[in-house]
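**Student:** Residues per chain, in single letters:
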Amino acid sequence: MTDLTRLTAADTAARIASGEVTAVEVTEAHLARIEAVDEKVHAFLHVDREGALAQARAVDEKRERGEELGPLAGVPLALKDIFTTKGMPTTVGSKILEGWIPPYDATLTQRLRDADVVVLGKTNMDEFAMGSSTENSAFGPTGNPWDLTRIPGGSGGGSSAALASFQAPLAIGTDTGGSIRQPAAVTGTVGVKPTYGAVSRYGMVAFSSSLDQGGPCARTVLDAALLHEAIAGHDPLDSTSIDQPVPAVVEAARNGDVRGMRVGVVKEFAGEGYQAGVMQRFNESVELLRELGAEVVELSCPSFDKALAAYYLIAPSECSSNLARFDAMRYGLRVGDDGTRSAEDVTALTRAEGFGPEVKRRIMLGTYALSSGYYDAYYGSAQKVRTLIKRDFDKAFEQVDVVVSPTTPTTAFPIGERADDPMAMYLADLCTIPSNLAGNAAMSLPCGLAPEDGLPVGLQIVAPAMADDRLYRVGAAVEAALTAKWGHPLLEEAPSL
Amino acid sequence: MTVTELVSYEDALAAYDPVMGLEVHVELGTKTKMFCGCATTLGAEPNSQTCPTCLGLPGSLPVVNATGVESAIKIGLALNCEIAEWCRFARKNYFYPDMPKNFQTSQYDEPIAYNGYLDVDVDGEVFRVEIERAHMEEDTGKSTHVGGATGRIHGASHSLLDYNRAGIPLIEIVTKPIVGAGDKAPEVAKAYVTELRELIKSLGVSEARMEMGQMRCDVNLSLRPQGADKFGTRSETKNVNSLRSVERAVRFEIQRHAAVLGAGGTIIQETRHFHEEDGSTTSGRVKEEAEDYRYFPEPDLVPVAPSRAWVEELRGGLPELPRVRRNRLREEWGLSRHEMQSVLNAGAIDLITATIDEGAPADQARKWWMGELARRANEDGVELAALPITPAQVARVCALVKEGSLNDKLARQTIEGVLAGEGGPDEVVTKRGLKVVSDEGALGTAVDEAIAANAAIADKIRGGKVAAAGALVGAVMKATRGQADAARVRELILEKLGVEG
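Top line first, the protein sequences correspond to chains A and B.
The opening residue of the first sequence carries number 1219 in the numbering used here; numbering runs sequentially from there.
The opening residue of the second sequence carries number 32 in the numbering used here; numbering runs sequentially from there.
Hints in this document: simulated from the structure, not taken from any laboratory.
The reader is advised that the hints may include incorrect statements.
Here are the computed distance ranges between Cβ atoms for each label pair [unchecked claim]: (1) B:K207 with A:A1466: 24 to 30 Å; (2) A:A1466 with B:R339: 33 to 39 Å; (3) B:F126 with A:G1598: 52 to 58 Å.
Chain B is nowhere near these chain A residues, computed Cβ spacing over 12 Å in every case [claimed, not checked]: (4) T1367; (5) S1418; (6) R1419; (7) S1457; (8) A1542; (9) A1546; (10) W1704.
Even glycine gets a Cβ: it sits at the ideal position worked out from N, Cα and C.
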């Protein structure tokens, strides 16, 4: 009998629609898989068994009534615990929100429900999406299914690990500096940060408002495109949401082709800190693109060297303000309210206990950077760098259709290795951060295993804002060629757990 | 709390020149809040008009209320301001439990309107108050401190939070330093706030009722020695929430500053509380260093870029502004500036206008509202407009007088009846039996009786002393218990005595 957890989302939906399997059977298979392996992986913070089965039953009933099913109807999904879910806990990986049950659904959550996607539960993440390893979760780390002693990337390590361990064929991530793409890269899965404003942020707990972007995670490029189409589109509740039609991503994913395309290689994305095996697989990918008919152009984007510095001023500044609302007054944790303390003291005690060290570090950094007398030197300069990075991309996209690079300089590192070295941790996002600062679209997809450690390497593709379809066109072509070369999808080489 | 020995107002002004800055917050009367769709109805059950956005729940986002922006632009235009072609909201970061996000969405260095002025009338002269800026922001929730003696947070056992007000749109209007008002500073301050309130009301963007907190004023004041260029240190008196209080607060602070400076002391830059009971201010929070609000552009909102066409459309749609209208009405009604000022101060302009629109002559409408009704409002301690009588009812009384059904005394009684809730004028007239005696037969008899009873006076009248007729009119009025038309009575008396009136 077919292992339902090994199917792609597209295949699963087709089988449900044809009546070959029921949505309940598919959901039960995934719940059983979670039961079997998640104790080891720890991808989920919350599994909504009853809710998932109820949703699945509703899909089956719809089918029985002869109603038309959407392209992802009945497909299970792992939702990053940063999107509000009415009646289901939403912790953002933080103690400060432990036990909070939101009274409303995020727009993205609502769209998933509208698409009849079955939400299995909420996935682990670095607290408030701050981190590149999921070690900053207040609820313990997540293991990388390729090697459980290694990190699954972050902040969306729960989502990437759920995909790579076949606990769900689809997942949702959010990407502020690489939190979708870097976990995808180190787990051998596909992750897309859509154009800023393409997916509504309403109900997505804010880390850094001008950088945060929700997006699809999957095991194949087509599955990511199907999910992208389901969640993207204008939302009047998010002022920064783009009021334009969603690019034809599914069509692009079904028609992978790079012939005649110009592909840029940015020379700044190489050198010190890049693992040899990562560069080897990346260079092979560039060669492959050439073989498939693309023209490869070397580019220079000099401002990219300053991207990390600018990011670590802008993101903490915005987070210092966004996280001010966690004051114990209206929801979440409340510490020290024994009738003797002032509201101010209760707020201070709650924040001291409720926030982890990385969150505190960034709140302090941001508070300092925004302070009067420092604003121009820090936040102001960082915004100028942001403009320069946008210009570098603009210039690049005058010459090429997409830019490619390694997604992350190294493969998955061991849990604990960088926990006490924030700078080393921050370097994991070196190649992904420029796209957040520029607000354009980017994808990571697997391009092989690094010879020295046998761990997945990610290829990053970057496209101009609102040209998200190019990611899928290029990604699908690369995926098809590599799968043919390997004889199977990369994830089949992962341990079975 | 230290009690300050004040310097007399005259002495203070002899030595120092006052400089003022007025910051007025106006709550807009939009149906929904500034950044969400919640209702703004006053007096609703606490926390019943809230949603994820105005409660600052994790994940929620703001969306700008277009009517709020439109109102802000109208206010800016009416204040002769330039309207920004492109501006942003900014976050003002500080912690307070009644502020759901612990930042206020406001505007910082890019206000929607800037560089304007408002002309105000003070003692028949025009004083121009320069406007620095008018910007959009949101109101906070409301804290009620329970268990303390003062209602302030000190000594309270706990506080109750109501977020119904959180997110209600505010426009903050800030003047440039007001210099040159001299000893008229308190009147200028009051006249400015009065004029601003009239302006806001005329635009229809807010009812601007100060007693309801829909318009709130902070008074900044400093003194500099006469002849000096440099401004002195200012105090900020918060929440001065009536027109009279604005005047009193300025006066008090002038006297207090002068006392401190005169004694060789220095003014501390601080927030002060105003006390309605005695018109004094006391020290609030001392600002040891300038508060750092860590302003930065609000990343959750896109910039506001009102098109020039829209701005011009709004400019074209502005109503006649209060001062222009007042000058026009003053001429139409034939009043002196001083008389018009009294009408303005009494809050009677709209009432009189409405009464005239209902058909009453201007002088009659003004007479009732500024006389009998103003007296009653004063006695009852309410605004004129709050009296339970409508302009239409006042106009009806005027009509009854004109057609001769009521005389002045009966008209007053009719109005009394309306105010007492006995019904409309006609109803009161019927119920109280207040009809003028117009039955010529009955009146003739009463006149005959009065002539017979006052033969000596009648003779004087016959002899040409027409002025003596008043006594006979009085007698007839008494006999008819006031229900006769005095003018007709006089005519009848003269007629019967064969004298030309």
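**Student:** All the hints need checking, so say for each whether the structure fits it.
**Tutor:** Going through the hints against the structure:
A C-beta distance of roughly 55 Å is found between K207 (chain B) and A1466 (chain A), which places it outside the suggested range of 24 to 30 Å. The given range of 33 to 39 Å is respected by A1466 (chain A) and R339 (chain B), whose C-beta atoms sit roughly 37 Å from each other. The hinted window of 52 to 58 Å between F126 (chain B) and G1598 (chain A) is violated, with their beta carbons roughly 24 Å apart. No beta-carbon of chain B comes within 12 Å of the beta-carbon of T1367 (chain A); the shortest separation is about 33 Å.
The claim that S1418 (chain A) lies off the interface is violated: its Cβ sits roughly 9 Å from the closest Cβ of chain B, which falls inside the 12 Å cut-off. Listed as a non-interface residue, R1419 (chain A) fails to keep its Cβ farther than 12 Å from every Cβ of chain B; the least gap is roughly 6 Å. At roughly 5 Å from the closest C-beta of chain B, the C-beta of S1457 (chain A) falls inside 12 Å, breaking its exclusion from the interface. For A1542 (chain A), the shortest C-beta to C-beta distance to chain B comes to about 4 Å, within the 12 Å cut-off, and the non-interface label is violated.
Listed as outside the interface, A1546 (chain A) is inconsistent with that label: its C-beta sits roughly 9 Å from the nearest C-beta of chain B, within the 12 Å cut-off. Residue placement check: W1704 (chain A) keeps its beta carbon more than 12 Å from all beta carbons of chain B (closest about 40 Å).
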